[in-house]
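Asks: Sequence:
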Amino acid sequence: MNSGFVLGIDFGTSNTVAVLRDPAGAARVLMFDGAPQLPSAVFVSGETRLAGRDAVHRGSSQPAGLEPNPKRRIDDGTVLFGSSDGGGHDEVAVVDLIAVVLRRVRDEAVRVAGGPIDTVVVTCPVTWARRRRSTVEAAARLAGLPAPSIVDEPVAAAAYAGSIRGDGLPIGRPVLIFDFGAGTCDVSLVRRTADGIGVVASRGLDDAGGLDVDAAIVASLATALRPGDPAWDRLLRPRTTADVRARLALWNAVRSGKEQLSRTGSTVVYVPLIEEEVPLGREQFDALAAPVVDRTVRLVWEVLHGARVTPAELGMVALVGGSSRIPLVASTLHRVLGVTPVPVEQPELAVAYGSVSDTIHPGPPESRPDAAPAAVGPDRSAPAASVPRPESAPAASVPPPVWRRRTTRIGVAAILLVLCALLAVPLVYAGTGDGRGYLRPTTTSAAGPGAGDLVATLDVRPGHGCELFRYNDDPDSPNPFPPMLVDVPVRVEWRSPTGTAVPIPFGMVAAYDGIADPRRAYANGYRFDVSMRVTPPTQIWVDQRNHRSDEGYFRVLAETDRLGKPLPIVVTVDVDGRVAETDESNNVLRLSAQLPADAPRGVATAVPCATA
1 MNSGFVLGID FGTSNTVAVL RDPAGAARVL MFDGAPQLPS AVFVSGETRL AGRDAVHRGS
61 SQPAGLEPNP KRRIDDGTVL FGSSDGGGHD EVAVVDLIAV VLRRVRDEAV RVAGGPIDTV
121 VVTCPVTWAR RRRSTVEAAA RLAGLPAPSI VDEPVAAAAY AGSIRGDGLP IGRPVLIFDF
181 GAGTCDVSLV RRTADGIGVV ASRGLDDAGG LDVDAAIVAS LATALRPGDP AWDRLLRPRT
241 TADVRARLAL WNAVRSGKEQ LSRTGSTVVY VPLIEEEVPL GREQFDALAA PVVDRTVRLV
301 WEVLHGARVT PAELGMVALV GGSSRIPLVA STLHRVLGVT PVPVEQPELA VAYGSVSDTI
361 HPGPPESRPD AAPAAVGPDR SAPAASVPRP ESAPAASVPP PVWRRRTTRI GVAAILLVLC
421 ALLAVPLVYA GTGDGRGYLR PTTTSAAGPG AGDLVATLDV RPGHGCELFR YNDDPDSPNP
481 FPPMLVDVPV RVEWRSPTGT AVPIPFGMVA AYDGIADPRR AYANGYRFDV SMRVTPPTQI
541 WVDQRNHRSD EGYFRVLAET DRLGKPLPIV VTVDVDGRVA ETDESNNVLR LSAQLPADAP
601 RGVATAVPCA TA
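Numbering-wise (full-length UniProt numbering), the sequence shown opens with residue 1 and increments by one.
No lab work stands behind these hints, which were simulated from the structure alone.
From a predicted model like this one, the values you see are computed outputs, not experimental measurements.
Even for Gly, the Cβ is constructed at its ideal location relative to N, Cα and C.
Among these hints, one or two may not hold up.
[Unchecked claim] Cβ pair distances, simulated, as ranges: (1) S331 with T560: 20 to 30 Å; (2) R165 with Y270: 33 to 43 Å; (3) V112 with R173: 36 to 46 Å; (4) T605 with G265: 43 to 53 Å.
Based on the sequences and whatever the hints tell you, model everything.
Replies: Next up, the structure:
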């Protein structure tokens, strides 16, 4: 990498880890107040800026000035801090908050190195696009660090996992990196080649991590322990400084209990204001954590389905991130995949150590375009609760306690594609790096109402037929997806006699013809790679599979009881009725794919399909 000192920083949701590599190639983790992890918390009061344990300490007495998770605020632009006496507030840019944390890292690195740092590498989720990456880069410069290189977290984690194997990562075979942290879960398929380690496919959840497990425990306590007690209103919706302190104490107790249950079979959680210690056993904890863990497992299957990789083809499944210590994570992945996950030693440090490895090649943040519009991602209005931050009231929809849980599989399900793109002519496709894409207009022209017609048709060109892909049929597997997928080629056109652009954003849904509300199924978390092409002046191509970049495929999932039967599929253009068209009678395309009586596992099988 460099003949001088190299500083690798893993800026995390709850904690930040930094590793310093000296000119001789030896790497050591930096210690902050005697610990290898620096809390990512920031305290703000007037001109005072504190990071780490200093911030947490001051925040215990002045909670209105504490931001415990600045990484989760990266899209907010600014954060408003209140004063302890209610006499005013401070508005601070998120980039400045991150810089406070990185400055603390810089100070320790300079002290240990005995001089300036030559090279800096900062890791970030592979799903982060240019805007977020640029924010971190700007924060590093504000902190007095050299302009950092940006490395995807799964690449760094894979480099570290390969180093502890002794023989490195297997060349050519895909490796699954399961990074389960405090605030996020990222699942990535990486492959090592002669040129280094590259990301083949990746999915991420910004609201599935250890904090979400903590939220489930808090919700369970609120439901089971004297639910009518007014103290719960103070703990869940704090109004005074004393209430906020009590809430912070509750969340700290829950986190400590969760960490203890990774090593023991039972613990107790002290609930302030209620003034009771509540026993919590491993079985209860697993039941509460299961909904979060199940979402991460769905993420694994999304990655494998999208890349058409079976578990048997994996060279390794590596667990990194602090929340991967939860025993339920490894046991669930083993049961689902049939592959024994490799628990990385000190998983909290894996990404930081890997970031200074010679096997990775960092790239600048400018290689990523701006993030896609929010409408392209999962609908955040879905029932899944967001994680309440300690300084704000928790979401009311956090699930109640479930003391015993079994995975339920939908009879015949569909997972479906919702496309929302801003269309103008001409258009340039831009991938976001986060499993999504969008169309960037190069002009601002737009059509008036009724200037054209949106039409979806089955693509019947040679080589564009429907395909069936069959996965695991084990009825005891908790794989939350049905074991078969059907890819259907769909051609989407905007027919305009004047060649004008689609006037406003529009959505599309493809679903098995039996789902009452396919949009709700999508909102619960399934997300595809989405890219679009345009052939001026009339034709819009919709592309779902990266290896067929000029064709549009909608993916529908089904159970094996559909074998030997027709699979009815409905594709709806402009599902919300937002485009005023010359002809709206052709907005629904009904298809039928005739599935064979049997199909081999692990390979694509062509199946007849036609309009119904």
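Asks: Each hint: holds or not?
Replies: Cross-check of the supplied hints:
| no. | hint | result |
| --- | --- | --- |
| 1 | S331 with T560: 20 to 30 Å | 25 Å, holds |
| 2 | R165 with Y270: 33 to 43 Å | 41 Å, holds |
| 3 | V112 with R173: 36 to 46 Å | 37 Å, holds |
| 4 | T605 with G265: 43 to 53 Å | 47 Å, holds |
No hint from the list above goes unmet by this structure.
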